[in-house]
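Protein chains in written order, with this note's numbering: chain H, 18 to 354; chain L, 256 to 458.
Because the hints were derived from the structure by calculation, they are not lab data.
In this text the structure is predicted, and so the values were computed from the model without any measurement.
There may be inaccurate statements among the hints.
A few chain L positions that, by computed beta-carbon distances, are all more than 10 Å from chain H [to be verified]:
#1 298
#2 335
#3 344
#4 420
Restraint ranges, calculated between C-beta atoms of paired labels, are given here [what the hints assert, rightly or not]:
#5 H:329 / L:325: 26 to 32 Å
#6 L:338 / H:307: 23 to 29 Å
#7 L:421 / H:243: 56 to 62 Å
For each residue, glycine too, the CB sits at the ideal point set by N, CA and C.
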Amino acid sequence: MSDNIHDSTEAAPDRVAELIRAAGRREAPPDAIYQRVRADALQAFAARTGRRRRLRTGLSALAAGVVAAIILGVVMTRPAAPPQQRVAELLRATGVVEAMRPGAQTTWQTLMAGSRHQLPQGSRLRTAGDARAALALSDDITLRLDSGTSISLVSADHVALHTGRIYIDAGEQAGNQIAVTTPAGVARDIGTRFEVQYLDNQLRLRIRDGKVELSHASDLMIADAGEQLSIDGTGAVERSTIAPDARQWQWIEQIAHAPEIDGRPVRVLLNWVARETGKTLRFSDASVESEVGTTLLHGDISLLQPLQALSVMLATTDFGFAVGDDGQIEVWSKTRE
Amino acid sequence: MSDTQHMDRALARRILKGDEAAFTSLFDRFFPRLYRFALHRTGGNPDLAGEMVQQTFRKAIERLDTYRGEAALYSWFCQICRNTIIDWHRSNQRERATVVPLEDQANVRAVLESLTAPATDRPETATWQRETRRLVQATVDVLPQNYGDVLEWKYIDGLSVSEIADRLQTGVKAAESLLTRARSAFRKAMGEIADSTEAMSPP
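The shape of chain L in the complex, shown without the other chains:
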């Protein structure tokens, strides 16, 4: 069992004991990511995505005592959310979304290259690039702890390490270390996605 899974089990125990602070911390960390996870799988419908995440939290809270740490807690929540959405589609006699998320597909290697390819006004490629951007964002979402936030602060907001340290209320060395771990985790996750697939060219 990884360190993350150990911590997740400990967190689940605290929540089951009634630790409200632990629960609100988990909610604030998981909700934005789960919302984005659901949004893409519900045709971009914000209210429906919110409803799916609301049901996910209810189910997860009810079943939290069954969480054994086999996977990261966030992954466990994602699975509940995924099943909730599938059930909704079935009960509403709707077909599943025709756009299957890239991370749910097997072949994504070439999409990573297409992400930083020169822009084009071909709509097929634009769709591809949009989906690829979402894949990268989804990967950032599944990183542990606050790695995703740190990566956005650094590479999108352009914060310095010192500014990141101030935001986290920690020392510069600790912030550097966190950023290094976040980069490494992101690189590993994207690499695993790329390595597990066959090469595929964008349309």
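Bound conformation, chain H alone:
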């Protein structure tokens, strides 16, 4: 066998083209068999997942070609929850954050900061001017909106981003998954924290942690932690890198929702700050690492940004800290310096 099959230059005989042409088109299954097997498979799927579905009849998959069903189907055929089912709760808001309830059509309601407003499925949200918002989609999944952003809450695990920028923290529980639909594609996390921006017909993904699967037209791509993936209006894809503690993530800290720390160990605060800032923790010695787990804090940090909260709360303890340029937060004991 010649080595032409391994050629990677276009000047060499195009063995790929030769083989594909010589082999000819793959045989299409008879439509009757396709329809029969499809109906049976859908019944098995419905029985397996325990849901009653309206069985689809219709288009031959071969006639339809490659269909971006993931994009359309997630938006159009997701099972409807009971009306007014809560799918999100407002955790924090700065500036003018507005919501439109499903069916309200044109009536926007300003959400009050601190209101813990419950948002039903189908709600729309938007942030005007320099406003930002943080929502809880579940016990473990949070969503933040930057200024100038408009979204719809399709369900508890599906958000449609119309324009602007959002940040998803899918939490630490295995199995959490959320989809973000944009006009340019659908991003799905595979256990992660990531940012999606859709502006001026351009889609940009930044992955802080984990992986994200992006469906764009008929293509599927994976972006890993530390990657930025951009798709412009022509469909051109560009990949670059972004560190988890890069300054481009800092807007997220301004709308971070702080945990309750009153009566809880310093460790809880440190873990939250590390997660929000994308930095890692380093302790001066094993004793300090142990003591942060037993030293309790008292107070309220709900309106503070992460590093502000750390500074304020550690001032009440025997611990000091410094944020290095190496992506680390070092913690030490002031009494043993």
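Given the coordinates of chain H, assemble chain L onto it according to the supplied hints.
Just chain L now, with coordinates in the frame of chain H:
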């Protein structure tokens, strides 16, 4: 775990959660390929091939929660289909098909050359070439995503990259990139088949 396997695991999770759109998308992508896979292993019997694929989907749906991403999801389906066909042959007291698919054999290097060799009216060679064409088609079938479709559009239908982009509803650069990846994946797959075998001449 490769990116394809990550995506496949995520897809399996969505299906198990009841995402019908995800399931129908998977069915439409896998069915034609599985049907061809079964057709050759059932003596070219369309109804039997359809029955084998129907049973494959039922079994796969039932066991989907056991899929761990060790292999691509399509490969996992193929294994279920292969076992289903073997069981059918056993239960019907039939010997396995005497024509063992080339991709199930170890030696295929020279068949790749024979595929584009001049035509001949020797029946042995004609059978060989027919089987080789099927091997190439089977290789196209196991490529991920829609690579096989893109390769057929380009080299059999003669579509331009721009026309492929229109069909995919994407930009020309994205279509070019997809075609490049499809060529690379096909070349790699055929190369691995060739490299893993001893040289063998057609009859």
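These are the hints, each one checked on the structure:
With a cut of 10 Å on Cβ distances, residue 298 of chain L stays outside the contact zone with chain H, its closest approach being about 15 Å. No beta-carbon of chain H comes within 10 Å of the beta-carbon of residue 335 of chain L; the shortest separation is about 13 Å. A cut-off of 10 Å between C-beta atoms confirms that residue 344 of chain L is not in contact with chain H; the least separation is 20 Å. With a least CB separation of 7 Å from chain H, residue 420 of chain L falls inside the 10 Å interface cut-off, contrary to its annotation.
Remark: the range hint 26 to 32 Å for residue 329 of chain H to residue 325 of chain L is contradicted by a beta-carbon distance near 49 Å. Against the hinted window of 23 to 29 Å, the Cβ-Cβ separation of residue 338 of chain L and residue 307 of chain H comes to about 54 Å, which falls outside the hint. Between residue 421 of chain L and residue 243 of chain H, the C-beta spacing of about 34 Å breaks the proposed range 56 to 62 Å.
Hints 4, 5, 6 and 7, counting from the list given before, are not met by this structure.
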